[in-house]
Amino acid sequence: MRLQLTASPMPLLARTISVTLAALVVIAVTAAGTARADGELTMRGVYYKERSTRVVQPMLDGLFGVGENGQADAHLLVDAITSASVAAGEVLEEKRYEAGGGYRHQLGRLRLGGQARYSTEPDYKSIYGGVSAALELFDKNLTVGLAAGAGHDWINNAGMPSSTLEKRELSNYLGSLSLSQILSENAIISFTYDLTYASGFQANIYRSELINGLPVHERHPEQRTRHALASSLRRFIPGTSTTVVLGYRYYTDDWGVEGHTPEVGVIQDVGDHVTFGLRYRFHTQREADFYRDRYDDPNVMYVSDDAKLSRFDSHTLGARFAIAGAALGFGGLLGAMTGELVIEYVAQDNAFGNAGIAHAALTIPFGY
Amino acid sequence: MYRFCVTAVATLCLMSSACAVVRPHERQNLARKSMINERSAGESRFNQHRTGAREGADGGTGEPGGGCGCN
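As they're listed, the protein sequences go chains A and B.
The letter at position 229 of the first sequence is residue 229 when you use this note's numbering, and the numbering goes up by one with no holes.
The letter at position 45 of the second sequence is residue 45 when you use this note's numbering, and the numbering goes up by one with no holes.
Check before you lean on any hint, since a few could be wrong.
Under the rule of at most 30 Å between Cα atoms (straight-line distance), these lysine-lysine pairs were calculated in the BS3-like manner [to be verified]:
no., chain 1, residue 1, chain 2, residue 2
1, A, Lys125, A, Lys167
2, A, Lys95, B, Lys33
3, A, Lys140, A, Lys49
4, A, Lys125, A, Lys95
5, A, Lys140, B, Lys33
6, A, Lys95, A, Lys49
Since the hints were made in silico from the structure, they are not lab data.
Since this is a predicted model, take the numbers as computed values, not measurements.
Assemble the whole structure, with the sequences as input and the hints as a guide.
As structure tokens, this is what we get:
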């Protein structure tokens, strides 16, 4: 992911996350034995590996009931990124820390919410805040949602200490409209339209393209307007306790990228406590207007060596397995806990190469 | 953009045809986790982060993307 990374002592946020994780786990396990379930705590570890990048991401998610009509959530995570730099012939490491939270409150048919997120790494800091509203209509058969948010990023090239320190900034804005319609006792369809606008530095501060033998820093447009329309249809088959999921997303932006992403999935419940799932996702996109495999003119307005702006196809095949402790004969807290494994493989014909992903998670319900 | 508009109109037409009213006591199957979202918040967040860092197309989740230097 990063071309040049730095090793640094464990920052204050990392220690804070570690202490908070431990405290939350102790609180959840202590409270779960005696009280009703008012929330849940999920510990998840993710392992991601592609040709030259490996990511290990431990994370903690908490859901907390607040009074009769409120619900709060919070998450903490660490991205431990190891990237092999073929050009430099070395292995580079970096950590990213993220904390976020939100709150939703039900007021009759209206649900209001807000969320915030902060992410920091040696050469990139990001903050985001958003609000949302959802209105239930027609006896709760149709739900209409609106969301808006804004974020700001601070970027520098601290990972390349031999260079003069450069600083850049990026602002992001999101507007979203969602519709969810119950079609029958066993089917529901939903649509989400996202409009995002980004203004500021959107290239990679380290990446260069060789043009006529000379390195030229990546140059991307500073404005980008993006449209994404996603739909999802879920159908439950009572006779076999099977859920079929169909999804599709259309994407376009003013850089010329256009993408189609269909997805199909099957989720099979086995009794009340075991679930299997399979999914297949296909993604195809055309390249950005200014993207070239090779540039000949170093004075061209935009230069990009970003593989995700190239034309490519990708196929994702995934499997999941979830089991509650009750399926193994446990009662009480152990019976209510749920373990989950997710394995995915991504095959894609771009410079990133194929990738493998594995998740392991444990969810503990608790009360207080 | 033309295809985008066609897609948007088609989805709205599909929505308008969905007029079945399902009463609250008939929604036990709709309340299943598999009918809401089988993925937990952490899995969804990781997936969105990964695709945002590896695909030029992003969004459609109602959630913000980006927020890292992994571009």
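Evaluation of the provided hints:
no., hint, in the structure
1, A/Lys125 to A/Lys167, "11 Å, holds"
2, A/Lys95 to B/Lys33, "33 Å, violated"
3, A/Lys140 to A/Lys49, "43 Å, violated"
4, A/Lys125 to A/Lys95, "12 Å, holds"
5, A/Lys140 to B/Lys33, "18 Å, holds"
6, A/Lys95 to A/Lys49, "16 Å, holds"
Of the numbered hints stated above, those contradicted by the structure are hints 2 and 3, listed in ascending order.
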